[in-house]
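K.L.:
Single-letter residue listing:
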Amino acid sequence: MAQNKIDIEQVKQVAKLARLDLTEAEISQFTTQLGAILEYVEKLNQLDTSKVEPLAHCLPINNCLRADEVKESLGTDKTVTNAPQTDGRFFLVPRILEESGGF
Amino acid sequence: MTDSDYKIIVGLEIHVQLATRTKMFCGCELAFAEDPNSRVCPTCLGLPGALPVMNAQAVEFAILTATALNCKIAEFTKWDRKSYYYPDLPKNYQISQYDLPIGSNGFIEIPLSDGQTKKIRILRVHLEEDAGKNVHTSGNFSQVDLNRAGTPLLEIVTEPDMNSAEEVRALAIELQRIVRFLGVSQADMQKGHMRFEPNVNLHIERGGSTSKTPITEVKNLNSFKALEKSVAFEAVRQFDEFLDTGICLQSGNKKTFGWDDVKEVTVLQREKEEAHDYRYFPDPDLVPVVVNEEWLERIKTKLCELPLKMQSRFISEYGLSDYDAGVLTTDKEMAKYFDDTVKTGADAKRVCNLITQTGIKIANEKGCGVAQLGIEPTRLAALAKITDDGKISATAAVTVFEKMLESKDSPDKIAQQLDLLQRSDEGELEKIVDEVITANAQAVEDVKSGGKKSKKAHGFLMGQVMQKSKGKANPQIVAKILGSKLGS
Ligand SMILES: [Zn+2]
Chain A
1 MAQNKIDIEQ VKQVAKLARL DLTEAEISQF TTQLGAILEY VEKLNQLDTS
51 KVEPLAHCLP INNCLRADEV KESLGTDKTV TNAPQTDGRF FLVPRILEES
101 GGF
Chain H
1001 MTDSDYKIIV GLEIHVQLAT RTKMFCGCEL AFAEDPNSRV CPTCLGLPGA
1051 LPVMNAQAVE FAILTATALN CKIAEFTKWD RKSYYYPDLP KNYQISQYDL
1101 PIGSNGFIEI PLSDGQTKKI RILRVHLEED AGKNVHTSGN FSQVDLNRAG
1151 TPLLEIVTEP DMNSAEEVRA LAIELQRIVR FLGVSQADMQ KGHMRFEPNV
1201 NLHIERGGST SKTPITEVKN LNSFKALEKS VAFEAVRQFD EFLDTGICLQ
1251 SGNKKTFGWD DVKEVTVLQR EKEEAHDYRY FPDPDLVPVV VNEEWLERIK
1301 TKLCELPLKM QSRFISEYGL SDYDAGVLTT DKEMAKYFDD TVKTGADAKR
1351 VCNLITQTGI KIANEKGCGV AQLGIEPTRL AALAKITDDG KISATAAVTV
1401 FEKMLESKDS PDKIAQQLDL LQRSDEGELE KIVDEVITAN AQAVEDVKSG
1451 GKKSKKAHGF LMGQVMQKSK GKANPQIVAK ILGSKLGS
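Residue numbers (the numbering used here), protein chains in the order written: chain A, 1 to 103; chain H, 1001 to 1488.
For the record, the hints were derived by calculation from the structure and aren't laboratory data.
Watch out, some of these pointers could steer you wrong.
[Stated by the list, open to error] The calculated lysine-lysine pairs, modelled on DSSO-like cross-linking and capped at a C-alpha distance of 27 Å, are:
no., chain 1, residue 1, chain 2, residue 2
1, A, K16, H, K1082
2, H, K1007, H, K1191
3, H, K1300, H, K1072
4, H, K1191, A, K71
[To be verified] Some chain A residues well away from chain H (every beta-carbon gap over 10 Å; in silico):
no., residue
5, E42
6, L59
7, E69
For clarity, every value in this text was computed on a predicted model and none was experimentally measured.
All C-beta atoms in this analysis are idealised placements derived from N, C-alpha and C, irrespective of residue type, glycine included.
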């Protein structure tokens, strides 16, 4: 895979960012597959886009706004009912070591 | 080496929670201290198929604030996804604005302790959504509450133009006043409506060259006091560290510290691996925002006189002290109430005293603002006037003020009803003065002989007259009569 578009280290990095725990076999498999996808998409580089404005959205519309009006929320019961793990009030997730939510 | 050999460089990243009724991209109501996970819907939960729709009010609040911060407003902006994985972020990305912020290249003017002001440049102002909260960790689990997820936040980033902890605090307080004046945020720090993250480093002069210390970002600041103290602490810590290690600023050696409110120190946080690989890209679920001239003008009509400008007007036009003008302009309603009262012709200093010394205390007890006490500007002006004219004493004015809360009568009439009117009848007061003079020959002697004792004796005689009149004599007139009789 000398001229592959993505190397093993990049795949490991992306998996880490996505919190995916991949086996060595999967890493190798995804490196090949992602490489093929990137190679296919690279055909687009044949086009000269130097004079084309980047497109922010594929629809030719803007300013889809709504009034600041309250709509009914789901409520706690419905919200947590499909949670993989819950105590009936909160979503339960594996213990977070570092408390730093929000911005 | 002394302290003067280094200069503190601080820039701020600020998050302001907007005071909309609903979230940024869905109709869930913003709620503080509600039942956990009660204010969520498929959109803010990030369930498949749910589509976000922009809250017009949030966009307008953002534009209004950016305008007040002298920013250039983008004619065209869009939404981007900032991807990272964390339990409080249900979609695994945050909707934010990356390369086209709604406002850029502005400035905020902050008051300095010497009465001058300083311009701090604003790099950018953009809108984004908040994450949820990781509430509590027990055993092997953490509890996640998503009520806050999707709350509209305004992120404001300043240039590193602040050079002391005091300037950082001044900016924070000024920004709080501004967003409250504009009505775009409640800006309560304890409730997390405003979050400040300073980026701090030092420029150290040594041997004719300047060394820069690595930048640290400080998090977990829940009060203005913590913000100011953390910057002061970081400066000293970085200086000591530089003397120890000599390590200088390089790309990639920025560190994140958390503020420990109890120990009042900054603590190095565990480094997040590749934390900045957010892989931004335009959100296909949201269409761009185009701000045309007409819309912008309509938003601008909601601009008001900003607090710092109002404060300096109160000083220059009404002759108030910087302190008094500062107190009055902490709150827009109060500032306007004061302004309206003075404009009816009342004495500014007197009105200021009535509001800041009596009004604020009563309003705090009642849990409302001074302007909401139900005393119209014209009635407050009337109270100021009868106090100024000497019809009632300053002490009596407080009593009348309190009574005015429950009575619609004029202050004059209330003073009459409560028997608080001062006696200003010169003939009547002269009689009392004569009696006092006759009864206190020694004091009269002391006043006449001048010197040290004179002033004290004069005060004593004044006191006697006030006592005899049961506190109702107009002190100015008594002083006048005493003066003419004793030639003092
Ligand atoms: Zn929602």
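K.L.:
Does the no-contact call for A:E42 survive, Cβ to all of chain H over 10 Å?
P.N.:
Consistent with the label, A:E42 stays out of reach of chain H, its closest Cβ about 18 Å off (over 10 Å).
K.L.:
Under the criterion that the straight-line Cα-Cα distance not exceed 27 Å, is the pair H:K1007, H:K1191 satisfied?
P.N.:
violated, 33 Å
K.L.:
Next pair to validate is A:K16 with H:K1082; report whether the Cα-Cα distance is within 27 Å.
P.N.:
Between A:K16 and H:K1082 the Cα gap is close to 16 Å, so the pair holds against 27 Å.
K.L.:
Given the hint that H:K1191 pairs with A:K71, does the C-alpha gap stay at or below 27 Å?
P.N.:
holds, 24 Å
K.L.:
Compare the distance between the alpha carbons of H:K1300 and H:K1072 with 27 Å, and conclude whether the hinted pair is satisfied.
P.N.:
holds, 13 Å
K.L.:
Just checking, A:L59 versus chain H, shortest CB gap more than 10 Å?
P.N.:
violated, 6 Å
K.L.:
Is it correct that the beta-carbon of A:E69 has no partner in chain H closer than or equal to 10 Å?
P.N.:
Incorrect as stated: the minimum Cβ-Cβ distance to chain H is 6 Å, not above 10 Å.
In this structure, the earlier hints numbered 2, 6, 7 are contradicted, and the remaining ones agree with it.
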